[in-house]
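One line per chain: the protein sequences are C and S, in this order. Quick note: the first sequence uses our numbering, first residue 1, plus one each step. Quick note: the second sequence uses our numbering, first residue 1, plus one each step.
Check the hints yourself; a few may be wrong.
Stated by the list, open to error - EDC-like, lysine to aspartate or glutamate: derived pairs with alpha carbons at most 20 Å apart: (1) S:K392 to C:E45; (2) C:K112 to S:E458; (3) C:K46 to S:D345; (4) S:K13 to S:D29; (5) C:K46 to S:D391.
Since the hints were derived computationally from the structure, they do not count as laboratory data.
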Amino acid sequence: MKSAEDKLRPPKKVLIIDDEPDIVVYLTLLLENNGYEVISASDGEKGLELAKSEDPDLVCLDIMMPRKSGVALYQQIKTDPQLKKLPCIIISAYESAYTFKGEAFRRLVQDKTIPEPLRFFEKPLDIPVFLGFIDDLFNRADER
Amino acid sequence: MKSEFQMIEWPRKALFDHIPLDVIVIDRDFTIVEANKQAQKNYPDWRNKHCYELFYGRKKRCVECAAVKTFEDGKTRTENSEIKGEDGITRYYKIHVSAYRDKDGNIPYVMEMANDITDRVNIEREYRLLFDNVPCYISVIDKDFKVVDSNDLFKQTFSRKGTQYCYQMYKEREKVCTQCPAVKSFKTGERNTSIQVGVDKSGKKTHYVVTAAPLVANGESVDRVIEMSLDISEVIQLQEKLEQAEREKIEVERFAAVGQTVAGLAHGIKNILMGLEGGMYVVNSGISRNDNDLVTSGWKMLQNNITKISTVVKEYLQFARGTEIQVEMANPAAIAKEVFDLYRDLAEQAGISLTLEVPDRVEDASLDPQGIHTCLANLISNAIDACEFSDKTRKKVSLSCREDNGTIVYEVKDNGTGMDYEVKQKIFSNFFTTKASGQGTGLGLLVTRRVVFEHGGEVSFDSVLRRGTVFKIELPRDRLPKIKSADPKDSKGDHNA
């Protein structure tokens, strides 16, 4: 729950990109209930448009999506001058978080200027850890 | 002193002189009294010599001497003789000994005709050497299947005490074998070859390829057959090991596929689990806010994910259970045609041109037609989806079947979206799907790969993003599964020599 102080600040905007409507509904409600503003897209193309037009504070990205995969979208965001500082976290049902770390990540993304994602979350989400991470992220960002 | 022999008249004398053999006449003292021209030429100082002296360099007459016997009984006889020449080379002769009788019936002389058979003996020796040393089993059998001659290797390997028939030696049988190539050769006068399993002297099972050829074929009947067998036990063992390794490889691959599927199942279920948790969260939020719409929406999420989990689990069970393929003789092109017919309308409705390319003739093959049907249907269905996602105006999917050097090749080609790197990495490994929720479980390619593996084949693909994808199924005929025979007896073990 947010403190009175938090409530005075404008809410942080989170962009959810996932082709599963159920997940979108779930994450939207979850984040809204915790004081975030949520926008969402059901595929990568729309997600990229929203990222540019809505100026979100965080992107939550799924990996396996039709048309444009999460990894391709991630690379586009991280090479776009306007978007490259936008924090991105990956939420996926991949078995191993290590796919997005170290050498495995470099096999997926050869461009060395592209950093690893901020954090990988495995589905189903561990809600307290997920919310805790996002809260910390924004508190830290605000403290700077 | 003139012998009576010198008195013979001209024609006889001429014959005597010009016959192309060494001919001598000896008296009872074994002194040579006459020699024809060839003998005179070969032995110039023949006169007044004893035969044993001239030919063998001996001082006394030979112990075994055909002439002695002929002097006694007057009978004609032959003997074999070896004579070592001055050059040290031994020559071989067949000597024909006959008596000369005078008016009173006495035998004062004996005539010896020596036929030089050195060349023949040498050739025979060479053949014998070859016969004995050739690295295969050779036996000569007569019409009763009695082994009348055999080479050393055959004797060392198969010749047992108290046996004389080939079926006893080769197979420890007491009767002529039922599929004997020699029987055919006796009958037809032709050469016959077959692969047989025998038992050697030490009781070891021996595989050999045997060729039976008529040895003596004088016009109509074959008196003897020569059987030449090459031990192929090691080849057979190697072949069995290879086949075993092949079977094990397919088994390992199948387990790997099931293993990956189980891992993939977890992946699929995690998504659904999140959907279920989400549904619960939405319902709870709706209840606590007293928001009926939110409750309804959450309830729909729950229903949706329960349906999904039941679909996934059912498909998985089908995948895990269906390990036994049903092999029969089927036409590979006909299966392609069936799948084509099944999808033609669907493709047309989606604005996709589906074409079929099959050659006029493809030989039947031992396949699981239902399994191959499923594989092709999966690939076509994927290709159609790939085209539907694509924004091209002319969308094409083609299915082809052909035979390439003993390999049946199916190809499914589309000009749809193509795949990028990460999709290519994952397509066979998981419940991987790029399709929208509810449209695919990601099992199709796994099932396809499993069925193809079970046919000893391979699935491969080539894909370029935005250009399209080709999936290829290759089934080498020599690796196809065998049809389970109705007759459980292994006919191999009953082959005969």
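Hints, one by one, checked against the model:
1. For the proposed pair K392 of chain S and E45 of chain C, the alpha carbon gap of about 17 Å is at most 20 Å, so the pair holds.
2. At roughly 35 Å between alpha-carbon atoms, K112 of chain C and E458 of chain S are farther apart than 20 Å, so this suggested pair is violated.
3. Annotation: proposed proximity of K46 of chain C to D345 of chain S is violated, straight-line Cα distance about 32 Å (limit 20 Å).
4. Among the hinted pairs, K13 of chain S with D29 of chain S is inconsistent with the structure: their alpha-carbon atoms are about 23 Å apart, more than 20 Å.
5. Distance restraint check for K46 of chain C and D391 of chain S: the Cα-Cα separation of roughly 16 Å lies within the 20 Å cut-off, and the hinted pair is therefore satisfied.
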